[in-house]
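The whole structure should be built from the sequences, with the hints applied where relevant.
Just so you know, the sequences run in chain order R and U.
Quick note on numbering: the first sequence equals residues 1 to 339 in my numbering.
Quick note on numbering: the second sequence equals residues 340 to 678 in my numbering.
It is worth saying that the hints were derived from the structure and are not from the lab.
Given the structure is predicted, the values throughout are model-derived calculations rather than measurements.
One or more of the hints may lead you astray.
What the hints assert, rightly or not - Straight-line C-alpha distance at most 25 Å; calculated SDA-like pairs for lysine to any residue:
no.	chain 1	residue 1	chain 2	residue 2
1	R	K104	U	K597
2	R	K36	R	L24
3	U	K597	U	I616
4	R	K36	U	H448
5	U	K375	R	L24
6	U	K535	U	A569
7	R	K282	U	R629
There are 2 protein chains.
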Amino acid sequence: MPTSVKSVLPVVLLGCGGVGRHLLHHIVSCRPLHAKQGVAIQVVGVGDSSSLLVADDVHSGHCQLFKNPEASGKVIEAATTLGRSTGLVLVDCSATYDTVGLLKAAVDHGCCIALANKKPLTGAYEDFEKLVSNFRRIRFESTVGAGLPVIASVTRIIASGDPISRIVSSLSGTLGYVMSELEDGKKFSEVVKTAKSLGYTEPDPRDDLGGMDVARKVGSLYPSELGPDAMSTKDFLESGVAQLDKSMEERVKAASLKGNVLRYVCEIRSTGCQVGIRELPKNSALGRLRGSDNVVEIYSRCYESSPLVIQGAGAGNDTTAAGVLADILDLQDLFQKMA
Amino acid sequence: MPTSVKSVLPVVLLGCGGVGRHLLHHIVSCRPLHAKQGVAIQVVGVGDSSSLLVADDVHSGHCQLFKNPEASGKVIEAATTLGRSTGLVLVDCSATYDTVGLLKAAVDHGCCIALANKKPLTGAYEDFEKLVSNFRRIRFESTVGAGLPVIASVTRIIASGDPISRIVSSLSGTLGYVMSELEDGKKFSEVVKTAKSLGYTEPDPRDDLGGMDVARKVGSLYPSELGPDAMSTKDFLESGVAQLDKSMEERVKAASLKGNVLRYVCEIRSTGCQVGIRELPKNSALGRLRGSDNVVEIYSRCYESSPLVIQGAGAGNDTTAAGVLADILDLQDLFQKMA
Numbered sequence: 001m002p003t004s005v006k007s008v009l010p011v012v013l014l015g016c017g018g019v020g021r022h023l024l025h026h027i028v029s030c031r032p033l034h035a036k037q038g039v040a041i042q043v044v045g046v047g048d049s050s051s052l053l054v055a056d057d058v059h060s061g062h063c064q065l066f067k068n069p070e071a072s073g074k075v076i077e078a079a080t081t082l083g084r085s086t087g088l089v090l091v092d093c094s095a096t097y098d099t100v101g102l103l104k105a106a107v108d109h110g111c112c113i114a115l116a117n118k119k120p121l122t123g124a125y126e127d128f129e130k131l132v133s134n135f136r137r138i139r140f141e142s143t144v145g146a147g148l149p150v151i152a153s154v155t156r157i158i159a160s161g162d163p164i165s166r167i168v169s170s171l172s173g174t175l176g177y178v179m180s181e182l183e184d185g186k187k188f189s190e191v192v193k194t195a196k197s198l199g200y201t202e203p204d205p206r207d208d209l210g211g212m213d214v215a216r217k218v219g220s221l222y223p224s225e226l227g228p229d230a231m232s233t234k235d236f237l238e239s240g241v242a243q244l245d246k247s248m249e250e251r252v253k254a255a256s257l258k259g260n261v262l263r264y265v266c267e268i269r270s271t272g273c274q275v276g277i278r279e280l281p282k283n284s285a286l287g288r289l290r291g292s293d294n295v296v297e298i299y300s301r302c303y304e305s306s307p308l309v310i311q312g313a314g315a316g317n318d319t320t321a322a323g324v325l326a327d328i329l330d331l332q333d334l335f336q337k338m339a
Numbered sequence: 340m341p342t343s344v345k346s347v348l349p350v351v352l353l354g355c356g357g358v359g360r361h362l363l364h365h366i367v368s369c370r371p372l373h374a375k376q377g378v379a380i381q382v383v384g385v386g387d388s389s390s391l392l393v394a395d396d397v398h399s400g401h402c403q404l405f406k407n408p409e410a411s412g413k414v415i416e417a418a419t420t421l422g423r424s425t426g427l428v429l430v431d432c433s434a435t436y437d438t439v440g441l442l443k444a445a446v447d448h449g450c451c452i453a454l455a456n457k458k459p460l461t462g463a464y465e466d467f468e469k470l471v472s473n474f475r476r477i478r479f480e481s482t483v484g485a486g487l488p489v490i491a492s493v494t495r496i497i498a499s500g501d502p503i504s505r506i507v508s509s510l511s512g513t514l515g516y517v518m519s520e521l522e523d524g525k526k527f528s529e530v531v532k533t534a535k536s537l538g539y540t541e542p543d544p545r546d547d548l549g550g551m552d553v554a555r556k557v558g559s560l561y562p563s564e565l566g567p568d569a570m571s572t573k574d575f576l577e578s579g580v581a582q583l584d585k586s587m588e589e590r591v592k593a594a595s596l597k598g599n600v601l602r603y604v605c606e607i608r609s610t611g612c613q614v615g616i617r618e619l620p621k622n623s624a625l626g627r628l629r630g631s632d633n634v635v636e637i638y639s640r641c642y643e644s645s646p647l648v649i650q651g652a653g654a655g656n657d658t659t660a661a662g663v664l665a666d667i668l669d670l671q672d673l674f675q676k677m678a
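Set out below in structure tokens:
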């Protein structure tokens, strides 16, 4: 029984790296499934840092390619034209801060936004405020724990008037993976390279190792002489990171002698946020963590003595892209008229 | 800075037991919070099994009381009038099958539905199909694991084209509580009565103990001579349930001698569903479960080697009501025009 299409979601995708390409693949392979649910995702534009491919006619498949700076103008044009008519979802799968201007303009034109990466939300506070100013039109589930339902759960709990007292988590799939591999006696430099090849890290792994991906102002796992200002990503991976192997090995051993493991933990309370490496008992919930699994414990009035725990794979292009796709679909009611 | 109201959600509440009353309390206490988000929940009617209180004028607070059968007619009238104009959310906090007719009529009139209890979905299959026929207009997160984001997670995973291979869970907060209390050497009859007084059970605890709350055709924890056809809830609690203390004690001891504990586990695969008491190692994930915590493990392509695990309090009137309120708010985009 054919179902009529109830919602058409026009999408412009920014960023065609690992996540963006997986997302396009998922969108195409899910077409029959979404059709059954009466939803159609229509990719009207795909851009990267230098150019934008715009679908002139989604039915014929005819496209035009625009180079920067014209490309950015075309995104704004799509946002202006579609934002308040059919609606538009601007999907950011780039791992940069560079898209913030486009995203803010899109918000001004009534567009929806779906983010794969938290960078646009972690720059200037005014930018953050602007982007979340219409909270129903932005989704960013994949920016925390890939596809894990962390943001959705926190949003639900807050909406129901259940005050959250604290959130304790191991939220970096990359650092979780690195920490548990170190525990197994592997070299730091090898672990970092493997993590990158598995798609667990940002394009420059130092984005993860510096802790900036988890929160501002936290201790970095590398010294400034190995930082982005001092050497390229390539040099860091080929020679820089190996200089850290010995000190990291000693740190892991010292913890192990006390029956502990190293874990990169974030704790948020009303009084502030603490992020960094902690020695934790091997048999604690966080100490038992293996691989790139993320764990989030949410404490509230309803979840006081036993927290709401969400655990699972917190990294990977496939998982992240699946999370972004679920976010896009979660916006469908804004593209649907009352029957 | 006052925010203008973007969505008004008219609500008719059916059922004023523990969950319904908590929900009304939450709706009122969250008014300032929701106002900040531009959402207003407007309770236009509250009913129980015998009568319905209808707000004639939500601003003056003037109400009228209708007795059955007129009360049901008034619910249909509200659904007919509001369903396709302002929209209406019919919220079912009754623990009965009796509301199915009203809910189906509401669906026909374009209303939204939020369920606290799974009973309306577990009667005739045609009823289930009708109720979920417009899947964006029904929410039932609280019917599985109270407020835990189980349905939302499964829906997200399916929507993103990530095929779920199996779900393993301890889903009855009541039976989880009963099993871990038995493990501590308490009498079955005492544990059941305490569970009821804590609001962990259905009004008739045999609804839980019979396994019907988890799935059809599963082993019951009580024999038919103690069933609802043979004695009242009062008689069951006062004298019936104590007859089971000895056999249950022996069963717990037998498991303990093998280093095991009893757990009530449900496993869903594409080939079918298995539900019942299993002896599990004390130190397994499910064996470690304490109190009324629920655990759900979801396995899919993205969550293959390490499942998506959701754990937390899976019962309690407060938690269930908070989940229903979050469900109602999740419908707000259907009550909102594009800017």
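*Pair hint outcome, K36(R) versus L24(R) [Cα-Cα no greater than 25 Å]*: holds (19 Å)
_Holds or violated: K36(R) to H448(U), with C-alpha atoms at most 25 Å apart_ = Given that 25 Å is the threshold and the Cα spacing comes to 22 Å, the pair holds.
_Holds or violated: K375(U) and L24(R), Cα atoms, limit 25 Å._
violated (36 Å)
*Straight-line alpha-carbon gap K104(R) to K597(U), limit 25 Å*: violated (62 Å)
*Agreement of K535(U) and A569(U) with the hint, judged by alpha carbon distance not exceeding 25 Å*: Since the Cα atoms of K535(U) and A569(U) sit roughly 20 Å apart, the hinted pair holds (cutoff 25 Å).
*Take the C-alpha atoms of K597(U) and I616(U), compute the straight-line distance between them, and say whether it is at most 25 Å.*
Status holds; Cα separation ~16 Å.
*Starting from K282(R), check that the Cα of R629(U) is at most 25 Å away, please.*
holds (21 Å)
Going down the numbered hints, you'll see the structure goes against 1 and 5, while the others check out.
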